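Let the hints inform the model, and build the full structure from the sequences given.
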Amino acid sequence: MLETLLVNYEEAAAIILFGIGLTMLLFHRNLIKKLIGMNIMDTGTFLFLASMGYISDRKAPIITGGVTNVEAYINPVPAGLVLTGIVVSVSVTAVMLSLTIRLYRRYHTLNLDDVYILSKHQTEDR
Amino acid sequence: MDIIRNFPLFTIVLSLFSGVFCTMLKGKTAKYYTLIYECLLIVLVSFVLWYTYRTGDSFTYTMGEFPAPWGNEIRAGVLEATLALGFLIIIFCSVMGGWKFLVVDVDETKVNLYFTLINLLTAALMAMIWTNDIFTGYVFLEIMTLTSCGLMIVREIGRTTLAAVRYMILNLLGSGLFLLGVVLLYDITGHLLMVPMQENIAKMASTSAAMEPVTMSLGILTIGLSIKSGLFPFHFWMPDTYGWSTPTSASILSSIVSKAYIFLLFKIYYRCIGIEIFENLPIRKILFILGILGMIFGSISAIRKSSVNRMVAYSSAAQIGYIYMGIGIGGMMGYTAAMFHIIVHAVTKSLLFLTTPRLAEVSGDSLLFKNLQGSAHRAKDAGIVFVLCSLSMVGIPIFAGFSSKLMFALSAAQSDNMKILFFTMSALAISSVLNALYFLRTVIRIYTEGRGGADISAHKLYEEEKGIRGVAYDMEDDEEEEETMLSKLEFRIPAAILIGMNLFLGLFSWYTVDLIQKGLEMFP
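Each protein sequence line maps, in turn, to chains A and B.
Residues 945 to 1070, numbered by this note's numbering, are exactly what the first sequence covers, in order.
Residues 4 to 527, numbered by this note's numbering, are exactly what the second sequence covers, in order.
Honestly, the hints are just simulated from the structure, not real lab data.
A portion of the hints provided could be inaccurate.
Unchecked claim - Below, in silico cross-link-like pairs of lysine-lysine (DSSO-like), each with a Cα-Cα straight-line distance of 27 Å or less:
hint	chain 1	residue 1	chain 2	residue 2
1	B	373	B	103
2	B	113	B	103
3	B	31	B	491
4	B	308	A	1064
5	A	1064	B	373
6	B	206	B	288
Since the model is a prediction, treat every value here as computed from it, not as a measurement.
In structure tokens:
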């Protein structure tokens, strides 16, 4: 069991990172820390993808020196997926940060529990 | 006729362009543009439905003509086209019916941006329905999450911002889990396209290779998407999200966004894993149990609420439970019932969210039950629509809600498993009684004359407002009357369309059931 984990240490690290991020996103009360957790979670997934796509002793998939054999290159698809994932993650973070700013301007705190208590006292019927 | 094969792609690309185009228009122009554009989409999707129904087979559109294992694909069949058609009609009706409140809730300079969001959401919806590639599904799922967050925060009050933050946190959790599930499945099978993925998983199953990794990644995917769609333990974000948004947003979020996630999940079960393999996994039983718990606890939470919008929102949680229960029952009939209920619930719930603000409007802008007393007498058409929707939600025959409940019962009877039959029947019975309890209670409340325990200021406010309007009418010419006439039509037309759909689904359910079954046959 431990041996398998040590051989696949990159994947194990990726899943641990994912777990740390997930816990932070769920249980931290501070909104900025939640966002940091979300980014760690996404990074864990990207590490997993990148380490799975890499095959040792092979080169980046750009044809050099006329070698067209598939065996010489690594799989380019996971790298493409990581790029797409990063773009998605960045845009989501941007939206969430702008939401955070709006929330802070209104309630002057980043602690979600406090915001929730403050919002209870508002009278906005509809 | 081969041009019809391009239509699914057109619906996605044109929606993206329309989104950009709306940023350049003025608010009201953007609204008319969006309405006309949705009509165009409805025509395009109708052609796809007609074409696939007539040929009796689905078709695949390969992007850039790259063949199967490499390229990206779009696939259209009868099931996808039916759902897309239903969803587009609902978007059309929601935009039309909620306009009156939109101009109040949204800053005047930002109204066109609201329609940008609607068009982007349409693009994401279409892509999630048509796509044949699981990673494309992920990308558009994120676009849908972002646009639905935008739809909530256009109403710039503190509560919507807080609701949006909570909604986004849970949704990001769901998206993260979904991405991890997709990556694991890609790692196991080596494909992102659904057909080759299914072939590889079938190969693994036939050679008795270890299926645990597949089960685990599918479990992660399921948790992710059930958080996003609001299955039982994860339904607590619903009342804030739907209760505080502007009516158009509430109706689109409750009826379409959560259903799109369920459809994507169903598509993954059916097309990535293969339905025979899925039926033997324990995930199905868990979905069945959680669905039943959702049906009961959603309704119990709804009973305890003091505001009508929060009650309707919790009833959404119960209805999502019905759909997952249908997937859990399994078998052709169970899946048909689940897909049928997706349309039924979308049609009813979108109209409910368009109706409640009209009842609140004549009760001093308050959604609390105590203030709503007698509101159906002050807003007659809204009252009638609310009664019809309530009857459908409770499951009175001739309405759509009855047909779907009947189908759930039939599918349980066909499953040859006494436990499933027993639990389904009991859950349907309990849930119907609870539904009747809180919906009919509201109906009685809004038709009760007099003020009762009501907040008198609300009624006074209404009387005063009416007085001011009366004076204004005397002084100005017919312009005012035209305005109110238009605003009445803006509610009556979508209400008539949606109630017509509801009665059609209730009285002539076999047409839709036939479409869904044909679609499921060509789905794998």
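Unmet hints by their number, sorted upward, for this structure:
Those not satisfied: there are none.
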